[in-house]
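A.B. asks: Below, each chain spelled out in residue letters.
Protein chains: 2
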Amino acid sequence: MVIPLVPVPPPQVFGANTDVGKTVITAGLLRAAALQGLRASYIKPVQAGSPSDAVFVSRHANVGAAAAAAASGKPGGVAPPLCRTSTLFDYTDPVSPHLAAERDGGKIASDTEIVEAIVDEVKAILSSGGGDSGGADDEAEGDAGSPTTPQPSSSSSSSLGSLVLVEAAGGVLSPAPSGSLQADTFRPMRLPVLLVGDGKLGGIGATLSALESLRTRGYSVLGIALLAQDKHLGNADAVSRHAGPIPVFELPTLPPPDVPLEPWYDDDATARGFQTLLGGLSERRVAEASRLAGMKARGHRALWWPFTQHDQLSEGKVNLLDSAYGDYYCVADVDEEGGKGETRVSHRALVDACASWWTQGAGHGNPGMALAVAEAAGRYGHVIFPGNIHAPALEVAERLVEGPGRGWASRVFFTDNGSTATEVAIKMGFRRFLKDRFGLSEPPSKTRLSVVAQAGCYHGDTLGAMNVAVPSVFNRGQHAWYQAKGLFFETPNVSWRDGCFNVAIPTPMHAAALTKAAEVELAPELMLESRDAAFEFGTRDAGALADVYRAHVRSKMDEFEAQEGAILGSLLLEPLVMGAGGMVFVDPLFQRVLVQECRARGLPVIFDEVFCGLWRLGVESSRELLGEDPDVSCYAKLLTGGLVPMAATVATERVFDAFSGAKADCLLHGHSYTAHPVGCAAAVEFLSQLEKSSVYPGTGGRMSDSWDEQAVRALSRLPAVDRAFALGSVLAIEMKAADRGYDSHGAVDVVQRLHESGVYARVLGNVAYVMVSPTTPVEACEGLMATVAGVLRGLGEEGGVGGSGKADSEPDSVAYSI
Amino acid sequence: MVIPLVPVPPPQVFGANTDVGKTVITAGLLRAAALQGLRASYIKPVQAGSPSDAVFVSRHANVGAAAAAAASGKPGGVAPPLCRTSTLFDYTDPVSPHLAAERDGGKIASDTEIVEAIVDEVKAILSSGGGDSGGADDEAEGDAGSPTTPQPSSSSSSSLGSLVLVEAAGGVLSPAPSGSLQADTFRPMRLPVLLVGDGKLGGIGATLSALESLRTRGYSVLGIALLAQDKHLGNADAVSRHAGPIPVFELPTLPPPDVPLEPWYDDDATARGFQTLLGGLSERRVAEASRLAGMKARGHRALWWPFTQHDQLSEGKVNLLDSAYGDYYCVADVDEEGGKGETRVSHRALVDACASWWTQGAGHGNPGMALAVAEAAGRYGHVIFPGNIHAPALEVAERLVEGPGRGWASRVFFTDNGSTATEVAIKMGFRRFLKDRFGLSEPPSKTRLSVVAQAGCYHGDTLGAMNVAVPSVFNRGQHAWYQAKGLFFETPNVSWRDGCFNVAIPTPMHAAALTKAAEVELAPELMLESRDAAFEFGTRDAGALADVYRAHVRSKMDEFEAQEGAILGSLLLEPLVMGAGGMVFVDPLFQRVLVQECRARGLPVIFDEVFCGLWRLGVESSRELLGEDPDVSCYAKLLTGGLVPMAATVATERVFDAFSGAKADCLLHGHSYTAHPVGCAAAVEFLSQLEKSSVYPGTGGRMSDSWDEQAVRALSRLPAVDRAFALGSVLAIEMKAADRGYDSHGAVDVVQRLHESGVYARVLGNVAYVMVSPTTPVEACEGLMATVAGVLRGLGEEGGVGGSGKADSEPDSVAYSI
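Protein chains in written order, with the working numbering: chain A, 304 to 1121; chain B, 304 to 1121.
Take the hints with a grain of salt, since some may be wrong.
Same chains, same label: a pair holds when it works inside one copy or across any pair of copies.
[To be verified] Derived pair list, reagent style DSBU-like, types lysine-lysine, alpha-carbon separation capped at 30 Å:
#1 LYS859 <-> LYS995
#2 LYS749 <-> LYS738
#3 LYS620 <-> LYS1039
#4 LYS738 <-> LYS620
#5 LYS995 <-> LYS599
#6 LYS620 <-> LYS599
#7 LYS1039 <-> LYS995
#8 LYS749 <-> LYS620
#9 LYS859 <-> LYS738
#10 LYS426 <-> LYS859
#11 LYS1039 <-> LYS749
#12 LYS620 <-> LYS426
#13 LYS599 <-> LYS749
#14 LYS410 <-> LYS620
#15 LYS1039 <-> LYS788
#16 LYS995 <-> LYS410
#17 LYS1039 <-> LYS599
#18 LYS410 <-> LYS788
#19 LYS788 <-> LYS738
#20 LYS410 <-> LYS426
Since the hints were derived computationally from the structure, they do not count as laboratory data.
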């Protein structure tokens, strides 16, 4: 769903349970606000049974003009506006909303409808000045910038603000009409919460459990209020002791049920109690605003961001991420110059169109994921792994073996992240190779072991992984020990160009074609009928191009090993798409040939599926599309659904066996947090959620593409675009630009304009890419595609980008990579 | 506290709230068990107010002989035993136990006392055969192995088991007498839970919030039972929809309060309901047992453990870690051959005396940590970091700068783990050095940059870090690209040997002493008065030994750089203790001199505080003891309190400035999960908890040692021990053994015997080490020390270890390292 943010969110009142005095306290707060001269508004999103809470609130929050004037200390002053109340969805039966909605027999309000109705109502209230028609004087002072922030009770009554309260039904986890739990239903807005606690016997535990359910969903709780009981039970004190920094407010005991409430509200102690509560909530919001206000400056002093040239990053370009939900970030913008010396905070949604560095699968703020990691933390914490078994690790291992490893893998070695997963894979591949070729664990003296790799590859930032890359800005100047340790093949790449699906053949292969075994004439570009035609190996395997590839691969490997001491010991491949190297879609026929040729020479085959695996490209493993199995494969990023770091290097039993023997022959690699239960639990939960989702095609299957292929093709026809392709949840667009590579600014304009359109995408040199979760709904992708197309069309009309239009300007903040 | 495990844990009944029918359901279950011929027992740990729940349970669970016989279908059969009931702590006032205890004015039962009383009572019940004196026939069939597993209702009534139920007071988070929340109080036992849900209006949310509080504390919930309401509210269905695999049982509506309950219990529907519930709980326990039974075999098929030679690891030696709490693992032992075809599971506590690979600080199963990570997951998930700020990351960064970085650091670069933290530190150090020395980012051609390091160092398993190590089994044969890239100093080390605190000077320094500047005569061993005398630099700095160190360091560095193209570019130091290299306590005077000499030559100084930092050695940073500040320092392991992986490389502003300039001059290193909010939230929570703990000495201070220094000294006098030392929470014992290093089996015996004594320690070659959390109570350490001393004395009496006694045998499962 689209995240429907209210720019300045009003508090939401949740109850620890039904019948804890939620409406009584809500009405009292609005009444106190009205008495201070604030505009008071009340929203009841879902009402089950009558009389409605809105009637109750109207009765008690609408104080008379005389009372308000007297309370404000200004006899003859302006009459305060009446409290505006609204009920958005109203059901007859006084039962849980999910049953009430069902029994009413009409259309059941969805979670999205409820949230959108709340947002609309809040916006209507704000645009109308905060309440029913108030005095004209007040209207003129209307405080549109922070209309929902209650003013501290000490503030001048001439500076009118307003208080809007949204009251949930029942308890924090009571069902909404859809059957979802209310705290989940309302989470996209993430309104700050006033929790009405339970003052009765047993209420301490009920209040604290409700608080934990709110915290698990990432809500900020402004305060807890509860009604004291006749017999003092100490609930407020006990709750306070366990509520951390959250203040707890106790209000006077209610009269018996048959006594009218108005005198209770009028009582001095009650009135003081509500003024204190109102003031306390206001203080918390003011404190939160000033905390946010200082964060950018503090961040600029203390943080060192990865892949970021701080010299080119002004404070204004940094995003304060206050929370996130689904595919969206919630950015807090702070305006400290809003006049009157006030700090104003407003919220803005930004699409996470980089899948938070390619990690996202379960979506931000996923309550099932939050509970899964809490459960693992509560049950285990972290426990040392060698020689031990715990259930989450075992389950992840078996899922990997039976999923992407189905049919070839049997062993899972837990690693830390993509880079070390790859380094461990190289250790595995080399050991198997050395045992097979020489019967040794170490290379014979005067030999140098290298990997076969692709020229545009990128396997990570640790030095071992960095050595499997051709020289570039990513390694030269970054690490004094960098040394390229591979035979790097220039790859034939496929993409849409100007509406045609092309295979671009690198020049060295032309020589191979003309002089070697294939003897076919080769154009620099070949054309395929469609993207999926690239995977039709039934016909392609036996074609002339396959011969060219094969001849080229053989001759290059022979040539390499002809050097003194040079030995090729493993193939390391990013299957299908090279990610950090510039989102390059390699011709799968070439990769297939490469795998076959390496295997024929006894080289273990390693797939680096850190980026491409686990449904990122629409398949569980690239083997589904390549039709070739590896001996070792690496998983990370999506493995935990995008929540916490964990990786796995999966291997065949033959590779595992290469480490048998003496104690020191085993794989002497380990991470303190190997198979940490929190990460394993996140992985199990994510994979379980995925399997239950509507997009899951079953192990070995292929998901629907996130991006419409014809829309991608259309992008490739735009004047500013050089090439485009999409696979799974990845969309890449290479811009026409004078310069290429990491230093290029060719795609900066695109990403900057997307940012202005509420989309956080990233660049790789002159390539802009947009990436969502494999589970992001197709409608959201259509919307994103429309935004992308609009931005690209706009650039075309202005006559070129990057190398031309902005060649002399400094690169923008959004230009950092990867 | 000591983890007081019940070998076969009985179910514990928690309520979603007070007044939900917890005791009614508990009594009904015990009644149903008695009717099946099981021995029924009831424990009420804490009772507030009368009449007590035990009286109620007695009244309704003690069914008459005739009824039981009739129900069991065997007229004239044996009378079932009476239900045994016990109340452990009884208070007068019917209020929350924390208030009731306070008002009674006596000693308030601590959490530990309550848990121990429960464990004692359960053990008493089990040893007495499960209940009050039953028939002799049954006694003979006594099922001691799994006495608390209720039998499925289909099982033969001659195979008697028993049902013990422990009933909590109030709701899941209602306070215990101490004021702790009950779910926390009972957590050390981690009894499987029957949650009594709330069938009333609002009860869906209350039940689900209570369930979440249980899950967050790592409880396994066997089932949820609730009493239906007259007006059907659908609570059971709604709860079931959100309870995942946990079954929900609904019991018939209670009669009005003034109607006696016995007829309700006697009613067919009620009786069937309780039999179904009893059978359902039993099925879940049987399923859990068979799941555990298969795990070892499955683990041996799919897992590839780090630092583990699988060939030497039999299935029986593997630990099934079912949960963990504080300093303890809870190990599940499965006996599939217990007779009658039953699978029997029992639990055993094992001290985590390796701090789960040196990570632990907050303790296992810490509820504050679990909630903190849940909150971060619920609020953010993971969000991309470059150019963005989120509160948890900023807070961690500022705490590091103001804590260990106080006075020298200003920038925090988030890394993944200790190994990459070190690689990034090397990138930083080299860049600063190259800019200073050559004004370049890359080394001039034909030069080779090396680090100054210690010969016994170990900085991680990624290849860059592996290159900063002398050749050993850890790198030779493990990675074909290993190349030592440092000037490695043999270090003078300090330790207790035979009751004296010695400095062992390596031979090369004797040459330095005799021939170079110092001109002092040097014995191979010097003696200090105490461990802390090693840190008395006021006198040591100007002594002859300092001159020797200085002359040696200078001459070695000169000699190294005299090689063509060799340049030293940074100092990389594990301060105070080299961890994986064998727990070696280096003379701090030597490290101080080394830092000073490197700095004098313009070499950036890097502290690898991954192991030693953040209070592992009793100080926040080793700078407190060394009196020297680094330019870059690395933190990991303890940073998140031992919950999830995250690391930080902290640097001065001068180091940061070396990366300013063009876009590609920035630090092009990044991790997808850089500064992941879950890890940051864990770090913030851990550091906050630590600051509130009684052991916290304030930033810059020094904690009390975990290990008594005189006890360590005494260990060093034992015949089997070569040397011993302790600092902070680390205790290391080097055994006298023929062989040393990783292949040695010298310490295997020690660790194996510790394991048999319930202590999970680990070895590094012939060094055994024991490590606790910095917050582990001193009494626990005294107990551990006594166990260690006992084991070491036992070895001494048998005349030698390892190299002698067990030289020919295969190493044990516990011998894997690190």
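A.B. asks: Hint by hint, say whether it matches the structure.
C.D. replies: Tested hints:
no. : hint               : in the structure
1   : LYS859 <-> LYS995  : neither (47 Å within a copy, 64 Å between copies)
2   : LYS749 <-> LYS738  : within (17 Å within a copy, 35 Å between copies)
3   : LYS620 <-> LYS1039 : within (26 Å within a copy, 62 Å between copies)
4   : LYS738 <-> LYS620  : between (54 Å within a copy, 29 Å between copies)
5   : LYS995 <-> LYS599  : between (40 Å within a copy, 28 Å between copies)
6   : LYS620 <-> LYS599  : within (10 Å within a copy, 53 Å between copies)
7   : LYS1039 <-> LYS995 : neither (42 Å within a copy, 58 Å between copies)
8   : LYS749 <-> LYS620  : neither (53 Å within a copy, 42 Å between copies)
9   : LYS859 <-> LYS738  : within (24 Å within a copy, 39 Å between copies)
10  : LYS426 <-> LYS859  : neither (66 Å within a copy, 73 Å between copies)
11  : LYS1039 <-> LYS749 : neither (46 Å within a copy, 39 Å between copies)
12  : LYS620 <-> LYS426  : within (27 Å within a copy, 65 Å between copies)
13  : LYS599 <-> LYS749  : neither (55 Å within a copy, 44 Å between copies)
14  : LYS410 <-> LYS620  : neither (45 Å within a copy, 60 Å between copies)
15  : LYS1039 <-> LYS788 : neither (32 Å within a copy, 43 Å between copies)
16  : LYS995 <-> LYS410  : within (25 Å within a copy, 53 Å between copies)
17  : LYS1039 <-> LYS599 : neither (35 Å within a copy, 57 Å between copies)
18  : LYS410 <-> LYS788  : neither (64 Å within a copy, 71 Å between copies)
19  : LYS788 <-> LYS738  : both (20 Å within a copy, 27 Å between copies)
20  : LYS410 <-> LYS426  : within (25 Å within a copy, 57 Å between copies)
Taken one by one, the earlier hints fail for this structure at numbers 1, 7, 8, 10, 11, 13, 14, 15, 17 and 18, listed in ascending order.
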